[in-house]
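J.: As a plain string of letters, each chain reads:
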Amino acid sequence: MKGAGVPPEPAAPSVAARGLVKMYGGFAALDGIDLDIGPGESVLLLGPNGAGKSTFLRLVAMLQRPSGGTLRLWGEDPARADRTALRRRIGLLSHQGFLYDHLTAAENLIFYGRLYGLAMDAGRARKALAEVGLEGRRDDVVRAFSRGMQQRLALARALLHEPEMVLLDEPFTGLDRQGARTLQSMLAARLRGRRTCLMVTHDFEPALPLATRIVILADGRIVLDRPAAGLDAAGLDAIYRRTTDLAVPVPAAS
Amino acid sequence: MTYFGIVALVAAKDLRTELRSREQALSLMVFAVLVLVVFNFAFDFTIIDFKTLGPGILWVAFIFSGVLALNHSFRIEREQDRIEGILLAPIDRSAFYLGKVLSTVLFMGTVEAVLVPLSAILFNQSITPRLGLMILALVLNTIGFAAVGTLFAAITTQTRRSEVLLPLLLFPAAVPIALAAVRTTSHILAGRPFARYANWVYMSAAYDLIFIAAAVLLFDYALQE
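Line by line, the protein sequences are chains A and B.
Using my numbering, read the first sequence as starting at 1 and increasing by one per residue.
Using my numbering, read the second sequence as starting at 1001 and increasing by one per residue.
These aren't lab readings, by the way, just hints derived from the structure by calculation.
Being a predicted model, the structure only gives us computed values, none of them experimental.
We put the CB at the ideal spot given by N, CA and C, even for glycine.
Mixed in with the good hints there might be a few duds.
[As the list claims (entries may be wrong)] Interface residues of chain A toward chain B, partial, derived using beta-carbon atoms under 8 Å: (1) Ala61; (2) Ile90; (3) Leu92; (4) Ser94; (5) His102; (6) Leu103; (7) Tyr116; (8) Lys127; (9) Gly136; (10) Arg137; (11) Arg138; (12) Phe145; (13) Met149; (14) Gln184; (15) Met186.
[What the hints assert, rightly or not] Examples of chain B residues lying across from chain A (beta carbon under 10 Å, computed): (16) Ile1086; (17) Arg1161; (18) Glu1163.
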């Protein structure tokens, strides 16, 4: 029995990477990443194409295995731990929604919910749809949905099993400003402080208000790791350009 | 959800998708009927006994439509990275495999249910007296083909040229089941006693068991990067 004066053990970080390497043939997509993401933290992972952002996210999602270094999720090594139990704690929202076009919104949620062992029925699907403003479209097939509606349905799918950690892979791709704002506010309501979040995106503007920390990758290495507090989109853009050497001189108007 | 609940869930999802889209049923059926019609014109069945060539013709139609069914089944999962949605789920991946086998067997079975009576009409054959044995041969060999085909379709699904790779990998592995299928069907159509071809039937059953057991054990690795 623990004594009253003994401080509780600090929770293991949701993600702990040490010297993480991922090779594709002779190419190092990740070249020695050291990164801890604490419970409830919301990390915005940025970088130019090929920097290794998506690779890192896929390793955390256990869709790929590292070539070197260690990766621990909640203190457990996915290579040795019960991967099924770890998968239950993760939700992924990608720019691809993983939705079946010829199934209705409710059928998609029931299918995925049951894969996660939830007692899904029409009532529970309706409730999940109501949370993303799609209750009126529950019996419509997904192919009749706009891109924004599909992403909202994909968000409901990703959060159906109440995951502790949410991975967002370019969630705003293909959305217009209104759609991006709607998704952003829905994400903000469901994520901030309550769940660990790792976001990979090129679209700073809607993602920045969701982030508590900014990490920039270039050539498979971390080149910047700082709190998001006090940064606006213009400031982040300036930092991003400086760190990744992407500043392109604008030709003077003639 | 139980293991077999996931199997049924995956198969039901495939069937529901197909019932709505009707993308696959039509192309499979048209393809299989065309094979029958082309062979009907290619050979003079007033001279050649259908019992000699018929089983081969039927199984060419079934196997090629099976390849189409497998390609379609995994193309759906590949599009929009839906396969990743499955890989992320906390399920035993072999349950997904068995669900895919079940839906492929049902798609191929639908083609067979149309093609066997149609061939009986086209080639003036009576299969009614041996219907039970014919169904046994179709079921055993279709399961075997779907079992090996689903495993290879999963292996090739994340490659760029999966639709070309699948038949290249699948056909050599499917030779035993194709051979057993044609021989069994041939004996059944000729009305020979079961003892004459029992070994082929046992071989099909053994092939089914071996490939399903191996695939259940290997499927997790088949879907890895």
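J.: Hint by hint, say whether it matches the structure.
T.: Results of checking the hints against the structure:
1. Hint status for A:Ala61 relative to chain B: holds, with the closest Cβ pair at about 6 Å, below 8 Å.
2. Restraint check, A:Ile90 versus chain B: the minimum CB separation of about 7 Å is within 8 Å; hint holds.
3. With its C-beta approaching chain B no nearer than about 6 Å, A:Leu92 sits inside the 8 Å limit, and its interface hint holds.
4. At a threshold of 8 Å, the smallest CB-CB gap from A:Ser94 to chain B is about 7 Å, leaving the interface hint in force.
5. For A:His102, the suggested interface contact is upheld, since its CB lies about 4 Å from the closest CB of chain B, less than 8 Å.
6. Residue-level restraint check for A:Leu103 holds (minimum Cβ-Cβ distance to chain B is 6 Å; threshold 8 Å).
7. Interface restraint check for A:Tyr116: the shortest CB-CB distance to chain B comes to about 6 Å, inside 8 Å, so the restraint holds.
8. Because the beta carbon of A:Lys127 sits about 19 Å from the nearest beta carbon in chain B, more than 8 Å, this interface hint is broken.
9. Of the supplied interface hints, the one on A:Gly136 is violated, with its beta-carbon coming no nearer than about 20 Å to a beta-carbon of chain B, more than 8 Å.
10. The beta carbon of A:Arg137 comes no nearer than 16 Å to any beta carbon in chain B, farther than 8 Å, and the hint placing it at the interface is violated.
11. About 15 Å separates the beta-carbon of A:Arg138 from the nearest beta-carbon of chain B, more than 8 Å, and the hint is not met.
12. For A:Phe145, the suggested interface contact is broken, since its CB lies about 13 Å from the closest CB of chain B, more than 8 Å.
13. Violation of the interface hint for A:Met149 is found here, the shortest Cβ-Cβ separation to chain B being roughly 15 Å, above the 8 Å cut-off.
14. About 22 Å separates the beta-carbon of A:Gln184 from the nearest beta-carbon of chain B, more than 8 Å, and the hint is not met.
15. Violation of the interface hint for A:Met186 is found here, the shortest Cβ-Cβ separation to chain B being roughly 19 Å, above the 8 Å cut-off.
16. Given the 10 Å rule on beta carbons, the hint for B:Ile1086 holds: about 7 Å separates it from the nearest Cβ of chain A.
17. A least Cβ separation of about 19 Å between B:Arg1161 and chain A goes past the 10 Å threshold, and the interface hint is therefore violated.
18. Of the supplied interface hints, the one on B:Glu1163 is violated, with its beta-carbon coming no nearer than about 20 Å to a beta-carbon of chain A, more than 10 Å.
In this structure, the hints that do not hold are numbers 8, 9, 10, 11, 12, 13, 14, 15, 17, 18, in rising order.
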